[in-house]
Amino acid sequence: MPDEAKWYVVHTYSGYENKVATNLETIVENRKLQDWIQEIHVPTETVVEIKDNKKHEVERKIFPGYVLVKMVMTDDSWYVVRNTRGCTGFVGPNGKPIPLSDEEVAALGVEKREIEVNYTVGDTVRITDGPLENFSGIVDEVDLDKNKVRVTISMFGRETPVELELDQAERLD
489 MPDEAKWYVV HTYSGYENKV ATNLETIVEN RKLQDWIQEI HVPTETVVEI
539 KDNKKHEVER KIFPGYVLVK MVMTDDSWYV VRNTRGCTGF VGPNGKPIPL
589 SDEEVAALGV EKREIEVNYT VGDTVRITDG PLENFSGIVD EVDLDKNKVR
639 VTISMFGRET PVELELDQAE RLD
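Positions 489 to 661 (the numbering used here) are the ones given, in order, by the sequence shown.
No lab work stands behind these hints: they were computed from the structure.
Glycine is no exception: its CB is placed at the ideal position from the N, C-alpha and C atoms.
Hints may be right or wrong, so weigh each one.
[Unchecked claim] Taking lysine-lysine pairs in the BS3-like style, the calculated list, with each CA pair at most 30 angstroms apart, reads: (1) 507 with 539; (2) 520 with 634; (3) 634 with 584; (4) 542 with 634; (5) 539 with 520; (6) 520 with 636; (7) 539 with 584; (8) 494 with 634; (9) 543 with 494; (10) 636 with 584; (11) 507 with 584; (12) 558 with 507; (13) 542 with 494.
[Stated by the list, open to error] What follows is a set of in silico ranges between Cβ atoms, one per label pair, in the way DEER data are often shown: (14) 653 with 532: 51 to 59 angstroms; (15) 542 with 513: 53 to 61 angstroms; (16) 577 with 628: 44 to 52 angstroms; (17) 609 with 562: 43 to 51 angstroms; (18) 541 with 517: 38 to 46 angstroms; (19) 510 with 562: 44 to 52 angstroms; (20) 580 with 616: 17 to 25 angstroms; (21) 532 with 567: 24 to 32 angstroms; (22) 604 with 513: 40 to 48 angstroms; (23) 515 with 609: 40 to 48 angstroms.
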């Protein structure tokens with residue numbers, strides 16, 4: 489059984505990110521390499537552009553020329569990725585693949601972490617992390633998709649809305 493899979497950054501020709509991703513997915517499926525190459529991801533974001541006074545939602549690549557691949561690094565898996573059409577190599581010193589750290593993967597938002605929330609709108613919570621640690625406030629909004637919660641705290645005699653990560657607040661009993 490393979491060792492633990494890690495995320496690697498693969499460099500591609502500019503504009504070929506989606507093509508490399510689909511080619512790689514096809515190769516993985518055809519050669520039954522799902523245990524070795526587990527996920528392929530092209531980081532994108534949705535941006536609202538205004539053209540001719542009309543708003544259009546456009547999906548834009550966050551890192552043009554790069555594809556993220558979650559894989560177990562072996563000579564065979566390296567060879568498959570490296571020789572995919574449109575791929576120019578791995579990111580790392582002298583082309584030697586270096587896996588992304590857990591912090592980098594979390595910052596990129598590639599892997600969704602499931603966070604159980606024990607509070608809802610209207611509950612009183614205490615902030616457990618960040619510059620406002622130990623402040624308490626009332627939950628205004630919980631957005632599970634974006635991993636955010638908006639809490640209104642009282643600061644200097646004023647009600648101030650604060651946006652936090654879901655795991656930065658805990659319910660007060």
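Structure-based check of all given hints:
Annotation: proposed proximity of residue 507 to residue 539 holds, straight-line Cα distance about 28 angstroms (limit 30 angstroms). Between residue 520 and residue 634, the direct Cα distance comes to roughly 34 angstroms. Violation of the 30 angstroms bound is thereby established for this hinted pair. Proposed proximity of residue 634 and residue 584 is contradicted: the alpha carbons are some 34 angstroms apart, above 30 angstroms. Distance hint between residue 542 and residue 634 is fulfilled; the C-alpha atoms sit about 26 angstroms from each other, no more than 30 angstroms.
Between residue 539 and residue 520, the direct Cα distance comes to roughly 45 angstroms. Violation of the 30 angstroms bound is thereby established for this hinted pair. Pair hint residue 520 plus residue 636 does not hold up; C-alpha atoms about 38 angstroms apart against a cutoff of 30 angstroms. Our distance criterion of 30 angstroms between C-alpha atoms is broken by residue 539 and residue 584, whose separation comes to about 43 angstroms. Distance check on the hinted pair: residue 494 and residue 634 sit about 24 angstroms apart at the alpha-carbon level, within 30 angstroms; holds.
For the hint pairing residue 543 with residue 494, the CA-to-CA distance comes to about 38 angstroms; that exceeds 30 angstroms, so the pair is violated. Distance restraint check for residue 636 and residue 584: the Cα-Cα separation of roughly 37 angstroms exceeds the 30 angstroms cut-off, and the hinted pair is therefore not satisfied. Taking the CA atoms of residue 507 and residue 584, the gap is near 23 angstroms; set against the 30 angstroms cutoff, the hint holds. Under the criterion of a C-alpha separation no larger than 30 angstroms, the hint pairing residue 558 with residue 507 is consistent with the structure, at around 17 angstroms.
The hinted pair formed by residue 542 and residue 494 fails the criterion: a straight-line CA distance of about 42 angstroms is larger than 30 angstroms. Residue 653 and residue 532 have their C-beta atoms about 22 angstroms apart, which leaves the hinted 51 to 59 angstroms range violated. Checked against the hint of 53 to 61 angstroms, the C-beta distance between residue 542 and residue 513 comes to roughly 34 angstroms, which is inconsistent with it. Distance hint check for residue 577 and residue 628: the Cβ-Cβ separation is about 47 angstroms, which falls inside the suggested range of 44 to 52 angstroms.
Checking the proposed 43 to 51 angstroms range against residue 609 and residue 562 shows it holds: the Cβ atoms sit about 48 angstroms from each other. Range check, residue 541 to residue 517: about 45 angstroms between beta-carbon atoms, so the 38 to 46 angstroms window is met. Taking 44 to 52 angstroms as the suggested C-beta distance range, the pair residue 510 and residue 562 does not conform, at roughly 23 angstroms. Between residue 580 and residue 616 the beta carbons are some 36 angstroms apart, a value that contradicts the proposed interval 17 to 25 angstroms.
Between residue 532 and residue 567, the C-beta spacing of about 28 angstroms keeps the proposed range 24 to 32 angstroms intact. A hinted range of 40 to 48 angstroms for the beta carbons of residue 604 and residue 513 is inconsistent with their spacing of about 32 angstroms. Distance hint check for residue 515 and residue 609: the Cβ-Cβ separation is about 47 angstroms, which falls inside the suggested range of 40 to 48 angstroms.
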